[in-house]
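Student: The lines below spell out each chain.
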Amino acid sequence: MDSLRQEKVQKFEEFVDRRLKPDLVHAIAERDKIFDQQKIFSDLRKNIENLEKNSVTSLRTLVNLGSEVYMQAEVPDTQRIFVDVGLGFHVEFTWSEALKFISLRKEKLERQIEEYTRLIASIKAQIKLVCEGIRELLQIPEEKTVEGRVF
Amino acid sequence: MGKSEVKGTVTSLSSMFPAEEVQKAAKMVEEKLSEKQNEMNQLKEFIANNTSLINLVQKLPDELHHDIMVPFGKAAFFPGRLIHTNEFLVLLGESYYTERTAKQTVEILKRRGKSLESKVDALKAVMQDLKAEASFFDSTASEAAEGLVEIREYEEDNSTERASQSGSLELETPSVAEADNKMGASEDDEYARIMSRLEELEKEELAAEDNEENLEDEDEDANAVESDGNEDELTKAAEGDGDEDELTKAAFHRKKDECYSYLDHGQRYSESQSRKQLQQFNGKEPIEEMSNKYKHQDLTKQFASTGLTEEPVTKGEISHGQIIQQDTQTLSPSINAFAPFEKKSVQTSKSEFDSSKAFTGSIVEHTQNLDKSSVGTNMTSLQSSGSQPWKPVSRFKMQRK
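Chains as they are written, first to last, in my numbering: chain A, 1 to 151; chain B, 1001 to 1401.
In case anyone wonders, no lab produced these hints; they're calculated from the structure.
A hint or two may mislead.
[Said to hold, decoys possible] List of simulated lysine to any residue pairs, SDA-like, C-alpha gap at most 20 angstroms:
#1 B:LYS1074 with A:ASP23
#2 B:LYS1074 with A:ARG118
#3 A:LYS53 with A:GLU68
#4 A:LYS106 with B:LYS1044
#5 B:LYS1044 with A:ILE34
#6 A:LYS100 with A:SER67
#7 B:LYS1103 with A:SER67
#8 B:LYS1110 with A:SER67
#9 B:LYS1074 with A:VAL91
#10 B:LYS1074 with A:GLU68
#11 B:LYS1059 with A:TYR70
[Claimed, not checked] One-sided and incomplete, this derived list gives chain B residues near chain A with beta-carbon spacing under 10 angstroms:
#12 LEU1053
#13 SER1118
#14 ALA1122
#15 VAL1126
#16 MET1127
#17 PHE1136
#18 SER1139
#19 SER1142
[What the hints assert, rightly or not] Derived list of chain B stretches under chain A, where covered just means 3 residues or more per stretch with a C-beta under 8 angstroms from a C-beta of chain A:
#20 1022–1030
#21 1033–1045
#22 1080–1094
As the structure is a computational prediction, the values presented were derived from the model and not from experiment.
Backbone N, C-alpha and C fix where the C-beta goes; we use that ideal spot for every residue, glycine too.
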């Protein structure tokens, strides 16, 4: 009986280690990515709002050519902005359109984050379940022996 | 055949390098190798980026302005133009920037490329070492799996002497050479000591050359040097007859012949070996041979001389025989065997007998042994352990014949 229990315990542990934990790690990584994207878009939104507030028409920036070598660049007209809408497409927007798009994008991202959070929670719950099962398997024989001694 | 007490160890490679550990080591080395490979790939990427940037920087000053899409954050672009196409802001590190022209920027980038390439070369060397390690581990793992066995042989003084007598060819193993090499340094010191001691003895012989009266001493000496059949002759002659001089002379001659014949034997056997093994002692060999012959004569004279205690004579005899063995086999064991004898300069006869026991088998005459039943008893009385050496002696005798 003990050997069987031992085997079961081993199986549970293996399941936890091999499948559940990596799944958890994976899900957390995906969620972090989406967090980053969310941050990007919120930064963009802030910048555009800034531009609108200050009525900035032209812009001078330093463009990174690669390996941290910068070159001066001028933006004569800031009214048009090209935003990445996914799948390699950039759409030309005006400021207000851009802001609308950004808010839409934000919603989508939030939904994705929620999904991932649920997935992560379920994986964590599964891990806890398996651990409880292992604990039960290990405790029951102990309890029995304890009872035996009491008798 | 004398007992070849060549102590040896037979260790299977698998015990020295357990298969599992070897595999683990091989795995570790492989992991390290893969890590280094990743680093190498990264460095190569950097180098490629660097070269493409150099090309770009060289092309940009061709135009006054360049129409580009200026990035605004990570997800948005602005249409714009590149201006001041000859001014580059280069990051030197630690938040230090510098404005440079295109040419200067190219130079900076080229220097960066050189440092990267040197890093790549260093990494390549490290990877090669790791690969060699991995191949070694793999080979040892396969060998251990096959069950290869490593055999090491160590020489002992006694065993080498007997072995040299019985068949010097047998001991033609690298272990012998190792033993020689190991004992080389100590041998030199001991050899010097031995030579000095022998020179002293020679002087004594020359001084006592005229004194050939103490036959008892000779007898005792002969008894002491039981390994030599001449002992028996001498004792027999001494006890039986009064013509000590004649008998001793005959004994000397016989002994000489035996010694020399043994020398020839040894030389025949060991000619090939001595070249290899006694390379260290090239200079010493001729000296030894000369000293051997010289001392042989001196020792025989010693036999006849008076006032010489047993110890030095036996030592001389033993040293002589041992030196012969040196020629035949290896120098180290005999020298080592001889050295302790010197140290026992003032010891009981039993110690001599032990040393003579070590020296057994050099020269024996069956007839003498048989006839010497009476003498043998005397000798045995003198030599507590005398009986034992006879056997190996006889065995050797059988072999020789």
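Student: Are the Cα atoms of LYS106 (chain A) and LYS1044 (chain B) separated by 20 angstroms or less?
Tutor: 38 angstroms, violated
Student: Report holds or violated for chain A covering the segment 1022–1030 of chain B, Cβ cut-off 8 angstroms, minimum 3 residues.
Tutor: violated (count 0)
Student: Between the segment 1080–1094 of chain B and chain A, see if three or more residues pass the 8 angstroms beta-carbon test, and mark the coverage as holds or violated.
Tutor: holds (count 11)
Student: Run the distance test for LYS1044 (chain B) versus ILE34 (chain A): straight-line Cα separation, threshold 20 angstroms.
Tutor: Cα-Cα ~31 angstroms, so violated.
Student: Can we keep the ALA1122 (chain B) interface hint, with Cβ of chain A closer than 10 angstroms?
Tutor: Constraint on ALA1122 (chain B) not satisfied, violated at 21 angstroms.
Student: Holds or violated: LYS1110 (chain B) with SER67 (chain A), Cα cutoff 20 angstroms?
Tutor: Holds, at roughly 13 angstroms.
Student: Holds or violated: are the alpha carbons of LYS1103 (chain B) and SER67 (chain A) at most 20 angstroms from each other?
Tutor: Holds, at roughly 16 angstroms.
Student: Check whether the Cα positions of LYS1074 (chain B) and VAL91 (chain A) lie no farther apart than 20 angstroms.
Tutor: 14 angstroms, holds
Student: Within 20 angstroms, alpha carbon to alpha carbon, are LYS1074 (chain B) and ARG118 (chain A)?
Tutor: 28 angstroms, violated
Student: Given a cut of 10 angstroms on the nearest C-beta pair, is the interface hint for MET1127 (chain B) held or broken against chain A?
Tutor: 25 angstroms, violated
Student: Within 20 angstroms, alpha carbon to alpha carbon, are LYS1059 (chain B) and TYR70 (chain A)?
Tutor: 15 angstroms, holds
Student: Are LYS1074 (chain B) and ASP23 (chain A) close enough, with their CA atoms no more than 20 angstroms apart?
Tutor: The hint is violated at about 29 angstroms.
In summary, the structure is inconsistent with hints 1, 2, 3, 4, 5, 6, 13, 14, 15, 16, 17, 18, 19, 20 and 21 from the numbered list given earlier, while agreeing with the others.
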